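S.K.: Protein chains in written order, with this note's numbering: chain E, 1 to 365; chain C, 1001 to 1068.
Since the hints were made in silico from the structure, they are not lab data. One should not assume that every hint holds.
Lysine-lysine pairs mimicking DSS-like chemistry, simulated, CA-CA at most 27 Å apart [to be verified]:
id	chain 1	residue 1	chain 2	residue 2
1	E	Lys-217	E	Lys-118
2	E	Lys-142	C	Lys-1007
3	E	Lys-335	E	Lys-193
4	E	Lys-193	E	Lys-142
5	E	Lys-217	E	Lys-17
6	E	Lys-142	E	Lys-118
7	C	Lys-1007	E	Lys-217
8	E	Lys-270	E	Lys-17
9	E	Lys-219	C	Lys-1007
These figures come from a predicted structure and were not determined experimentally.
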Amino acid sequence: MNPAYRPYTLIAELTYKCPLRCVYCSNPVDYTRHDQELDTATWLRVFEEAEELGVVQLNLTGGEPLVRNDLEQLIAKARSLDLYTNLITSGIPLTQERLARFRELGLDNVQLSVQDVKPADSDRIAGLKSFERKMQVARWVKSLGFPLTINTVLHRDNLDHVADVIAMAEELSADRLELANTQYLGWALLNRKALLPSREQLDRAREVALAARERLKGKMEVLFVVPDYYREFPPACMDGWGRRFLLVSPDGLALPCHVAHEIPGLTFEKVGTRPLAEIWASPDGLGHFRGNSWMPEPCQSCERRDIDFGGCRCQAYFLTGDAAATDPVCTKSPKHALVEAARGEQGVAEPFVYRGPRVAASSTA
Amino acid sequence: MLLYPEKGLVLNPTAADIVTFCTGENTVSVIVDRLAEKYSSQTREALERQVIEFLGVMADRGLVQGDV
Chain E
1 MNPAYRPYTL IAELTYKCPL RCVYCSNPVD YTRHDQELDT ATWLRVFEEA EELGVVQLNL
61 TGGEPLVRND LEQLIAKARS LDLYTNLITS GIPLTQERLA RFRELGLDNV QLSVQDVKPA
121 DSDRIAGLKS FERKMQVARW VKSLGFPLTI NTVLHRDNLD HVADVIAMAE ELSADRLELA
181 NTQYLGWALL NRKALLPSRE QLDRAREVAL AARERLKGKM EVLFVVPDYY REFPPACMDG
241 WGRRFLLVSP DGLALPCHVA HEIPGLTFEK VGTRPLAEIW ASPDGLGHFR GNSWMPEPCQ
301 SCERRDIDFG GCRCQAYFLT GDAAATDPVC TKSPKHALVE AARGEQGVAE PFVYRGPRVA
361 ASSTA
Chain C
1001 MLLYPEKGLV LNPTAADIVT FCTGENTVSV IVDRLAEKYS SQTREALERQ VIEFLGVMAD
1061 RGLVQGDV
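Input sequences plus hints: build the corresponding full structure.
M.R.: Encoded structure:
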């Protein structure tokens, strides 16, 4: 195997089911097409094969992974394979007893989403009354001895609350706080007008976060992820296509990221059909945007070519219709005006589109 | 490799030794003693300086806890 392409992390999206309906959910908008979930035995085999491929980190996520009743078996398997296993969860539905079992079985870390600091604001983004329960779950996580990561996705309605989010995370004794600005894909793209902040708002929040990072050094790690739309150059999306991350969707597609299966014309294979190592090494799907021979100009001759890998292929597809285009968030992209126009629209009052089953656009009904 | 949420840190052999000795019970002095057995070409003072510096960096990252 080419060592330039070794997956270190398996993102196991165990289900697209979720009691929450967050307006920026990273699941594909057409997630209901992928409701044939893998069974327990297949997941166990995927973990084994992924470990053999070099994976050392496992993210159990979804949807809401807690709705799977076989999480216990999956955690036990991950422990036996010596994977560092992180449960990425809304905290719902969960009991303290079940969380204690996860601890005994060897789960390493719990990453809990909290949408905002005031119950009503948090619940409005989640589309479910859930804030108080999340606080309860956070306390269980710490009292059981887990490290706790709090993840708050940032957008126009909560960027001004970043200082309060940090105070909340401190009060909960979180070990790590991810202040991750919304990435405008999936449901977030549908809600972009309502979610995209202004540059001034973003800059203020970043200053607060950077000051907290210094102040809390050694106590709580504070991460602040800038949204692509306000960057000069795109970040290296997923550290490069099919390079360091392998994501398996609830129905078993081996993917480079959360939404690549929405790009038409690409063929992604299902795990279990042949060895995972062969699927990983395939020139199609996971191999499609590896390397730089696919790159158009200005990427092809850009000195950042092997730094950001041309940015996000999904973003390129959703904004320009061409997955092989330069990511339009790049200021060198000939289509960068699309992003400038989107920034110009921020601040427009728009009702939220909540995550949920959607009628296909091609439906005649 | 030291694993923590979303990341991993590849440690060189000396760093890996130091982290391995961070059992929660060993003091810095004990860690330095153990290292001195293995790395006899360095003085105890030099080892102690490096251990304290390394653990400081790791503590800042939240990867080890304790008092130096």
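S.K.: Each hint should be assessed against the structure and marked as holding or not.
M.R.: Cross-check of the supplied hints:
Our distance criterion of 27 Å between C-alpha atoms is met by Lys-217/E and Lys-118/E, whose separation comes to about 26 Å. A hinted pair counts as satisfied when its Cα atoms are at most 27 Å apart, and Lys-142/E with Lys-1007/C qualifies at roughly 21 Å. For the given pair, Lys-335/E sits about 19 Å from Lys-193/E by alpha-carbon distance, which is consistent with the 27 Å threshold. Between Lys-193/E and Lys-142/E, the direct Cα distance comes to roughly 37 Å. Violation of the 27 Å bound is thereby established for this hinted pair.
Proposed proximity of Lys-217/E and Lys-17/E is contradicted: the alpha carbons are some 37 Å apart, above 27 Å. Restraint check: the Cα-Cα separation between Lys-142/E and Lys-118/E comes to about 21 Å, which is no more than 27 Å; the hinted pair holds. As the CA atoms of Lys-1007/C and Lys-217/E are separated by approximately 17 Å, the hinted pair is consistent with the 27 Å bound. The suggested pairing of Lys-270/E with Lys-17/E holds, with an alpha-carbon distance near 19 Å, which does not exceed 27 Å.
Restraint check: the Cα-Cα separation between Lys-219/E and Lys-1007/C comes to about 18 Å, which is no more than 27 Å; the hinted pair holds.
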